Amino acid sequence: MLRILYFAWLRDRLGRSGETLPLPQGAHCVQDLITALRARGGEYAAIFARPELIRVAVNQSFATIAAPIAAHDEIAFFPPVTGG
Amino acid sequence: MPRVTIRVQAEVFDSAHETALLLRGHEDVGGVAAFTGIVRGGGGLVALELEHYPGMTESMMRRIAESACTRFGLVGCTVIHRVGRLAVGMPIVLVLCASAHRSAAQEATAFMMDWLKTSAPFWKREEFASGHSAWVEPRAQDEAAKARWGSLTD
Numbered sequence: 001m002l003r004i005l006y007f008a009w010l011r012d013r014l015g016r017s018g019e020t021l022p023l024p025q026g027a028h029c030v031q032d033l034i035t036a037l038r039a040r041g042g043e044y045a046a047i048f049a050r051p052e053l054i055r056v057a058v059n060q061s062f063a064t065i066a067a068p069i070a071a072h073d074e075i076a077f078f079p080p081v082t083g084g
Numbered sequence: 001m002p003r004v005t006i007r008v009q010a011e012v013f014d015s016a017h018e019t020a021l022l023l024r025g026h027e028d029v030g031g032v033a034a035f036t037g038i039v040r041g042g043g044g045l046v047a048l049e050l051e052h053y054p055g056m057t058e059s060m061m062r063r064i065a066e067s068a069c070t071r072f073g074l075v076g077c078t079v080i081h082r083v084g085r086l087a088v089g090m091p092i093v094l095v096l097c098a099s100a101h102r103s104a105a106q107e108a109t110a111f112m113m114d115w116l117k118t119s120a121p122f123w124k125r126e127e128f129a130s131g132h133s134a135w136v137e138p139r140a141q142d143e144a145a146k147a148r149w150g151s152l153t154d
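Order-wise, the sequence lines are chains B and W. Letter by letter, the first sequence follows residues 1 to 84 of the UniProt record's numbering. Letter by letter, the second sequence follows residues 1 to 154 of the UniProt record's numbering.
Extracted from the complex, chain B is given alone in its bound form (with noise of 0.2 Å):
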């Protein structure tokens, strides 16, 4: 299983700070799990509308969209960093 980790206005949005799911059928990357969130409509649709807007880490470390992903792998969804 995948686990997802939604943070800041993204879990605000989704009320939910995580889930799991199986690897959806045929995705490879992390943008091929975006078009499975996508897919789901409601206000998954619109935070994935937004590429731009947010930032990726698989497994802990900061990803690009086209990082490969595997099963039980964490993938973690978040707005840029505000610290310090």
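Keep in mind that a hint or two might mislead.
Stated by the list, open to error - What the simulated footprint calls covered on chain W by chain B, stretch by stretch (three residues with Cβ under 8 Å from a Cβ of chain B suffice, anywhere in the stretch; the number is not a length):
no.	stretch
1	46-53
2	63-69
3	115-124
For the record, the hints were derived by calculation from the structure and aren't laboratory data. Since this is a predicted model, take the numbers as computed values, not measurements. Glycine included, C-beta positions come from ideal geometry on N, C-alpha and C.
With chain B's structure known, arrange chain W on it following the hints.
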């Protein structure tokens, strides 16, 4: 090996105590540079709510700190970042850099803050007196400040 301390915590930190821990047993230190970030008020702001990504946040903080140690030849450094609800005027982040000479410690402190602000997964939500709250937008000047250092491992 440089002495590196990384912590994410809700509690307030004690800068003097952390400095003493950093220096303990190190007679080769000529200076410690310190930066304390404070929740700045204005515009009706009451507090910040700080969120992080447990695991990834600590590992990014460690990478940044270790990279500063290598790049500036630090004897050690301490980075403490608070999370949770922090009222205006409260300390939010502490960076301490210890080195043989002043300039390395001061530059390393600036380097670490520039990288922390743009690369460690923390998010701030502003809470206003009106009851309104909003997630803080990233600032282009923070990215520009980081860019002057090149990559983390240059």
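Against the structure, the hints come out as follows:
1. 46-53: Result for this restraint: holds, n = 4.
2. 63-69: violated (count 0)
3. 115-124: The restraint on the stretch 115-124 of chain W holds, since 9 of its residues have a Cβ under 8 Å from chain B and three suffice.
The structure is inconsistent with hint 2 alone, although it conforms to all the rest.
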